[in-house]
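2 protein chains.
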Amino acid sequence: MSAANHRVLHEALTGRRLTKLEYGHELPKLQDRLLDAQFELRKQRTRAVAVIVTGIPGAGRSEVVNELLNWLDPKFVTVYGFRPPNEVERQRPPLWRYWRVMPPKGRIAILHAGWYEEFLADSVRATERDSVVVKREVERIRRLERMLVADGVAVVKIHLHVSPELQARRLRRLARDKATRWRVTAEDRWMARHYARVERVFEHCLEQTDQRPAPWRVVDGTDRQHRAYEVGKVLLAGIDGRLAGEERPVRVKRPAAARQRALRKLLPTNHPGPRVAEEEYDRELEVLQGRLALLSRKRRFAKASVVVALEGMDASGKGGAIRRITAALDARQYRVVPISAPTPDELARPYLWRFWFQLPPRGNYTIFDRSWYGRVLVERVRGLAAPADWQRAYEEINEFERELAEHGVIVAKFWMSVSKDEQVARFAERDRNPLKRFKVDPEDWLNRKSWDPYQEAAADMLALTHTSHAPWTVVPADDKRWARLAVLRSLCDRIEARLG
Amino acid sequence: MSAANHRVLHEALTGRRLTKLEYGHELPKLQDRLLDAQFELRKQRTRAVAVIVTGIPGAGRSEVVNELLNWLDPKFVTVYGFRPPNEVERQRPPLWRYWRVMPPKGRIAILHAGWYEEFLADSVRATERDSVVVKREVERIRRLERMLVADGVAVVKIHLHVSPELQARRLRRLARDKATRWRVTAEDRWMARHYARVERVFEHCLEQTDQRPAPWRVVDGTDRQHRAYEVGKVLLAGIDGRLAGEERPVRVKRPAAARQRALRKLLPTNHPGPRVAEEEYDRELEVLQGRLALLSRKRRFAKASVVVALEGMDASGKGGAIRRITAALDARQYRVVPISAPTPDELARPYLWRFWFQLPPRGNYTIFDRSWYGRVLVERVRGLAAPADWQRAYEEINEFERELAEHGVIVAKFWMSVSKDEQVARFAERDRNPLKRFKVDPEDWLNRKSWDPYQEAAADMLALTHTSHAPWTVVPADDKRWARLAVLRSLCDRIEARLG
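Top to bottom, those sequences are chains A and B. Per numbering that gives the first Met the number 0, numbering of the first sequence is gapless, rising by one per residue and ending at 499. Per numbering that gives the first Met the number 0, numbering of the second sequence is gapless, rising by one per residue and ending at 499.
The shape of chain A in the complex, shown without the other chains:
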């Protein structure tokens, strides 16, 4: 489908039919190839497939899903249907529930209308929608799909269409039989009555969300056998990896030299940073923890939620800062998520998956000890992610945090900026003190060797992901006490600003 093709839905109604003979001849061959393709997908485990099936009522959406299931080895296919969001889903950004069911590499997930469900329904129903809202929804979907494809999830989008006469006939037949009557919803009947409008709106929606990495395929739903055959071919192309068009290479935004220089100044030098005396620390800590405790108990806080991400070199004091935060909170109100190397399950999904999974419900905190920024820090420096992958991550991260912020999540990010000398001193202390032995990781010394590349990566990260909706706080961390107070103070300020 191309944006230039107007009336593309209508034109899809070629009325082509397959004779029973053609069908009997072609379909087994197609199914044969589908099974082969699925077997390869499973064997290689480098890609996953997400299938979306939309269409107008009566075009055969659920029949198509059933056919797909019949053709494939159902052990490695999962089907998800989505109802209006429940209590748990409503507390997270709209895409959360789709992220939760993202298939791992080697598998196929059929998501029915998936993330198009609300978009299509809202577009058709509302007589006038705020163009800013619509634009944002389109952007959200397009970005999601681009990221999925880049992370190895083929997105197969099939839209089914039929003529108004056939639609009416099919709905009538379903409604006549009491066993199938429930399949015809009020929504379906409304859509059938407004066929022309629905066709126009759907066409527009498809055009806006059609893109090379995840193109729409419109299938004529008139003849069941022809429809099945066409859908099978689209799916095969998706599993084979032949569906997505060549993506334009990502333009890597480089931070302007001046900005980069300015940021470098925030990063550690060997000048001693600010310090605080022990008595003042004790006093101030109590005050700040009290402030945080009170803020987190406010009635208005029950509608917000907080995502805290702490980043910094090894031994920069992330864990200590986190414990000063959690000491002020109710145990049922927060979760601390330490991020280390991804598990096989996590590696099989798009890299943001494990972070989406941990988003807090309203009134709660999730505190990440290291975070999704690993992509542009350790994975970049150690070459664990390909350059193209970590380079696109800046934009993907900004989009992720924007979705959080748009949903009312307070995103507080801290870079704990420790100097090289102080880090050495802390490592030595850890080696001396047996009770800190669990903190000693042979990788720490390895990471130390890459001090300069890490600092460069941190400067890029600060420059490219410091946004109004999710600003960084750079914390001079050579004095642990000072750093802990700074984190607490900044966190309180952010929450206070939000609660008003």
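It is possible that some hints are incorrect.
Which copy? The list can't say, so a pair holds if one copy fits it or any two copies do.
[To be verified] Below, simulated PhoX-like cross-link-like pairs (lysine-lysine); rule was C-alpha separation at most 25 Å, straight line:
hint : residue 1 : residue 2
1    : 42        : 438
2    : 448       : 435
3    : 438       : 232
4    : 28        : 438
5    : 177       : 297
6    : 435       : 42
7    : 438       : 74
8    : 302       : 177
9    : 448       : 297
10   : 177       : 42
I should point out that these hints are in silico values taken from the structure, not numbers from a laboratory.
Since chain A is already given, all that's left is putting chain B on it; use the hints.
Relative to the frame of chain A, chain B by itself:
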């Protein structure tokens, strides 16, 4: 703690204190051993630890949790707190939310009061509780813990106690400071006012739920340092595996010979079973699917949920029967869960974990293509589970299904009983037909060699797990069509009986 010890809580208040010197001397040694034990736990990955901390208000429950976190390597410890169940949790049996957070082998989970939260609160609050309900709650907890321990999860239960004077003093101090005031809830104040009663009720609750595999340890919360030291020792014993007493060996219930013989008659012979002609099948299928569709759309169905489990030899027609069920349902109303060999993530948990995870919300179906019965079928026959493990599984499964039934879940279990000859014929057909190749598994032929042990295992299973709350339906399955109708009919009957 032993059931004979009355006033055991009061007697725990020894008033022992640690001097700062003792504490400074002993605690680092203890922490050292804790870190070692955690490291071993992590290295061996044969066991997990679930920690429960209860106590009266003011005894220091949350301080203790914080201390535990400070001593251990926090990367491998997860802390969970539980609020009143939310919408998603309320739709599942009460234990569901605890199963969801069960730690994998190698890890420690701190669950605060965990599954004792509601039990203690209800026991203390209600002036008179139905003894049948209480007895059932106690049984549920005792069985859960026994299963966890048998499956490699050490259950560490710590109860903290202080005198009424100290409790009052601590609560007063917390309430005075506006930063800590929120920690004192109305519940806490009520409990403090009814100290004697609370002490008596808690004592009784602990006695009832104290058992050798998961004993209670009562810790005097008077002196913070002594308390920390004692808690650390209990945890160490738990991680080391020294806490659980020797379990009495499981008595293996064997089905009576007569019952066993009667059941064997239900299992396949080489007599041809019932058959149905194609036209009659088509007609009847439509009627039954219509009936199921209507039942599943009833308003009263929205309060029920259905768990279907299909078991049977390879090629007994489970998948075909499932597709005839799902064709009658709304796509958003069911999930089909094919069960094969457990993943590493699943192997790291108690064996029922992956089934608990998949329980449907109200108004929904989960259809298991093979199920938790694998434990007493394939795992028994192939020697994948130790005899003691599959032998205790009958009781564990009955308890699991009872919890589902008590929560209003309709549990429909089908044994698809195919004869040896018919199975051979179907294998041959699969080998011939390339489109059924995904169904051919080298293991199938392997399983065939164990035909007799499988039939024996099936007979035991039917005899030992056919309960009033979750009865088996044995379906003669040599004629696929007849079998599909039988499954649909039985399912409809069960649902209809429930909805009334």
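Here is what the structure says about each hint:
In the homo-oligomer, the alpha carbons of residue 42 and residue 438 lie at most 25 Å apart only across protomers (16 Å), although the nearest pairing inside one protomer, at 38 Å, exceeds that limit. Proximity of residue 448 and residue 435 under a CA criterion of 25 Å is satisfied intra-copy only: 22 Å inside one chain copy versus 56 Å between copies. Taking the closest pair of Cα atoms, residue 438 and residue 232 come within 25 Å of each other only across two copies (22 Å); inside a single copy the shortest separation is 54 Å, beyond that limit. When the C-alpha separation of residue 28 and residue 438 is checked against a cutoff of 25 Å, the pair qualifies only between copies, where the shortest distance is 17 Å, while the shortest distance within a copy is 58 Å.
Taking the closest pair of Cα atoms, residue 177 and residue 297 come within 25 Å of each other only across two copies (13 Å); inside a single copy the shortest separation is 52 Å, beyond that limit. For the homomeric pair residue 435 and residue 42, the shortest alpha-carbon distance between copies (18 Å) is at most 25 Å, but the shortest distance inside one copy (43 Å) is not. For the homomeric pair residue 438 and residue 74, the shortest alpha-carbon distance between copies (10 Å) is at most 25 Å, but the shortest distance inside one copy (42 Å) is not. Proximity of residue 302 and residue 177 under a CA criterion of 25 Å is satisfied inter-copy only: 22 Å between copies versus 44 Å inside one chain copy.
Taking identical chains as interchangeable, the C-alpha atoms of residue 448 and residue 297 are never at most 25 Å apart, the minima being 46 Å within one chain and 67 Å between chains. In the homo-oligomer, the alpha carbons of residue 177 and residue 42 never lie at most 25 Å apart, since the shortest distance is 45 Å inside one protomer and 60 Å across protomers.
The structure fails to meet hints 9, 10 from the earlier list, while all remaining hints are met.
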